[in-house]
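Novice: In case you want the letters, here they are:
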Amino acid sequence: MRHIISILLENEPGALSRVVGLFSQRNFNIETLNVAPTEDPSLSRLTVTTVGDDRVIEQITKHLNKLIDVVKLVDLTEGNHIERELMLVKVKALGAARDEVKRTADIFRAQIVDVTPSVYTVQITGDAGKLDAFIQAMAPIGILEVARTGVSGIARGDKLLTL
Amino acid sequence: MELLSGADMIARFLKDEGVERIYGYPGGAALHIYDALFRQDSVQHILVRHEQAATHAADGYARASGKPGVVLVTSGPGATNAVTGIATAYMDSIPMVVLCGQVASHLIGEDAFQETDIVGVTRPVVKHSFSIRHPSEIPEVLKKAFYLAATGRPGPVVVDIPKDMTAPTERYEYVYPKKVKIRSYNPVTRGHSGQIKKAVDMMLKARRPVFYTGGGIVTGRASEALTDLVQRLGFPITTTLMGIGGYPQGDRQSLGWLGMHGSYEANMAMHHADLIVAIGARFDDRVTNNTSKFCPTAKIVHVDIDPSSISKTVRADVPIVGAAGSVIDEMISLVQGREPANPEALGEWWKSIDGWRSEREGKLYEPSKPGEALKPQEVIEAVYRATRGEAFVTTDVGQHQMFAAQYYKFAKPNRFITSGGLGTMGFGFPAAMGIKLSYPQDDVVCFTGEGSFQMMMQELSTCKQFDVGVKIVNLNNQSLGMVRQWQDLNYKSRHAHSYMESLPDFAKLIEAYGFTAIKVTTIDELAPALERAFADTNELVFLDIYVDPFEHVYPMQVPLGSMRDMLLSKTERT
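If you read the sequences in order, they're chains G and U.
Sequential numbering of the first sequence, starting at 1, is according to the numbering used here.
Sequential numbering of the second sequence, starting at 1001, is according to the numbering used here.
Since the hints were derived computationally from the structure, they do not count as laboratory data.
Please read all numbers here as calculations on a predicted model, not as lab measurements.
A couple of the hints might just be wrong.
Computed beta-carbon distance windows for the label pairs [stated by the list, open to error]:
#1 U:ASN1490 with G:ARG156: 32 to 42 Å
#2 G:SER17 with U:GLN1114: 19 to 29 Å
#3 G:LEU163 with U:THR1313: 43 to 53 Å
#4 G:ALA155 with U:LYS1178: 52 to 62 Å
#5 G:GLY52 with U:SER1502: 18 to 28 Å
#6 G:GLY52 with U:LYS1198: 21 to 31 Å
#7 U:LYS1197 with G:ALA155: 29 to 39 Å
#8 G:PRO13 with U:GLU1170: 13 to 23 Å
#9 G:ARG55 with U:PRO1187: 22 to 32 Å
#10 G:GLY52 with U:ARG1573: 35 to 45 Å
Calculated pairs, PhoX-like style, for lysine-lysine (alpha carbon to alpha carbon, straight line, at most 25 Å) [said to hold, decoys possible]:
#11 G:LYS62 with U:LYS1375
#12 G:LYS66 with U:LYS1067
#13 U:LYS1375 with U:LYS1363
#14 U:LYS1067 with U:LYS1197
Just so it is clear, CB atoms sit at the ideal spot from N, CA and C, and this is done for glycine as well.
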């Protein structure tokens, strides 16, 4: 099963490499990885999506918690949560396809953020499934390039991941 | 207010931390630190002949004393030479602080002379690591390093120190930090009371219980508490290789150690148990054999200070995260005044165990006859008697390591010093050196083989310089015995590179350093040689003992089998 693990990490040199290294060292899988500073300059928030059975996920969270630079973590998939990913896609936009790209982007509530006579650059946010579906829809028209941020997420309601 | 350079802070911190001795090797990036050590006399520096030996010596000291071992090396090759010793300590959860010189900050990343990203290189084999970024942070970072190394599940911590951080011209305020806090590090000590109560209820109801305890008892200083608990309950106990001495091996309730070359009765008892109480052990593959066939009828209570050790390879029915000593104390208070509910079943259980014991009694190996090559097992037994079972014993890795564990009986913890997890050949001699320097009154015996000894024999020079009187017992079978055993069993005796040709004349080699060496080839030469070797505790003596090269270590678990599937000799199996 797919899990989304969000981690508060010390904003220290080398901290990220300890997390990434742990996954390769212990043969755990990383599907996406997303990291950026938080409102607290001493902390980064890192979100990783991974796939594994309960035993593997338990080991992943335990080993992550063991890293000294990991301050706190949560497996978001254990509760209700919001999952978002941002994607930028360059699509061929010539002749009839120009309208087709625009229509499809509207259906997905995506925005065209850059335009040339032959290329549209589309920005879309959503969960990973929606982004996959958009790629499928655009594939026949001609995708030139894809840049995805990887999943970020947060728990619904009052639940917080803070110190 | 006291102003010190980074280098002087390091020397001063070591003194304030109570470090008496460090092991190391100088080089360019560490020279400011070496100069600071030269100008003080509180901390003794032991100059090894290879950085790997520095880590093993510090490791040996740490295993014997329970305190962190300290290493100082220079950047680049100095640091990379230390990696094997860091990994050895990591696998066996040994507290160690490794100070590595580094090229000056402005050169980092430029492939400078003797530059290595040692924090990167060691990342998978350290508990944590630090890079010093300003001289003023040295006291606090070092305190954190010692704190992390020695608390929770202990382990090695690397501190990378760029040369400019220790420059003599840059002085900052020095205050010894008595305490440090790391917000993300709060090792659990007490176990969950509800879980402990549940475990004790299961223990009292058990019909075929067995304790299975590991290195956590030794590092957690819990052997007295464990002995109390086990004796109150009257249950059998087996330890891992790392847990040897955690419970007195001569006691009737001790089944010896378990696993690949563990005792027949320990492995049989584990397989047939209905309750396994694992404390400070990690269900390592050399213990469990095939996990899918592991102890089919047993419920498992697993106590460990490291949550990630629990249910890693074998699912625990009652997981308890906590320090061994604290959890055992709580178990004792719950057991007090209560009796096991099934005394008859326990009686039957002991009958089965005694049956397994007597099945193998006197059949473990065949002693040599006069004129024949010595058996390695009888050499260990003779050394055991010669030292009254009281020596610190270190080993290298291979057949001699297993024989030492099988035939030297340990009554106390911190006495059997061996590389269990990583299996590092070359560990034994420098480890013995590290112990002897801190325990000059005790006999320190290193059981080794001619293969392992040659990996670290340069340390004879260190022993000469610092007058280190260890006893080296070289079980010389002119082959890499354990490799050869596997080739006998699995490769139709095709002995690919497991022979040892062109061996030196060890006696001459040892004498070249000014030490005594005695060559032993028959049983009648053994007793006088041992008498001579142990006459003076502080004299280094090397015993070159020629043993039967065809001997195998038994029992030996059958690959992919259960705990009870064992080869018992070259011709018998379960």
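Novice: Please go over all the hints and tell whether each is borne out by the structure.
Specialist: These are the hints, each one checked on the structure:
1. U:ASN1490 with G:ARG156: 32 to 42 Å: Distance hint for ASN1490 of chain U, ARG156 of chain G is violated at roughly 56 Å.
2. G:SER17 with U:GLN1114: 19 to 29 Å: Roughly 22 Å apart at Cβ, these two residues keep to the hinted range, so it holds.
3. G:LEU163 with U:THR1313: 43 to 53 Å: Given a distance of about 33 Å, which is not inside 43 to 53 Å, the answer is violated.
4. G:ALA155 with U:LYS1178: 52 to 62 Å: Violated, since ALA155 of chain G and LYS1178 of chain U (Cβ atoms, about 39 Å apart) do not stay within the stated range.
5. G:GLY52 with U:SER1502: 18 to 28 Å: 51 Å, violated
6. G:GLY52 with U:LYS1198: 21 to 31 Å: 28 Å, holds
7. U:LYS1197 with G:ALA155: 29 to 39 Å: Given range 29 to 39 Å: holds, Cβ gap about 33 Å.
8. G:PRO13 with U:GLU1170: 13 to 23 Å: Taking Cβ atoms as reference, PRO13 of chain G and GLU1170 of chain U lie about 21 Å apart, which means the hint holds.
9. G:ARG55 with U:PRO1187: 22 to 32 Å: 24 Å, holds
10. G:GLY52 with U:ARG1573: 35 to 45 Å: 38 Å, holds
11. G:LYS62 with U:LYS1375: Given pair LYS62 of chain G, LYS1375 of chain U is violated - Cα atoms ~46 Å apart, limit 25 Å.
12. G:LYS66 with U:LYS1067: Judged against 25 Å, a Cα distance of about 22 Å means the pair holds.
13. U:LYS1375 with U:LYS1363: 14 Å, holds
14. U:LYS1067 with U:LYS1197: At roughly 32 Å apart (the allowed maximum being 25 Å), LYS1197 of chain U and LYS1067 of chain U break the hint.
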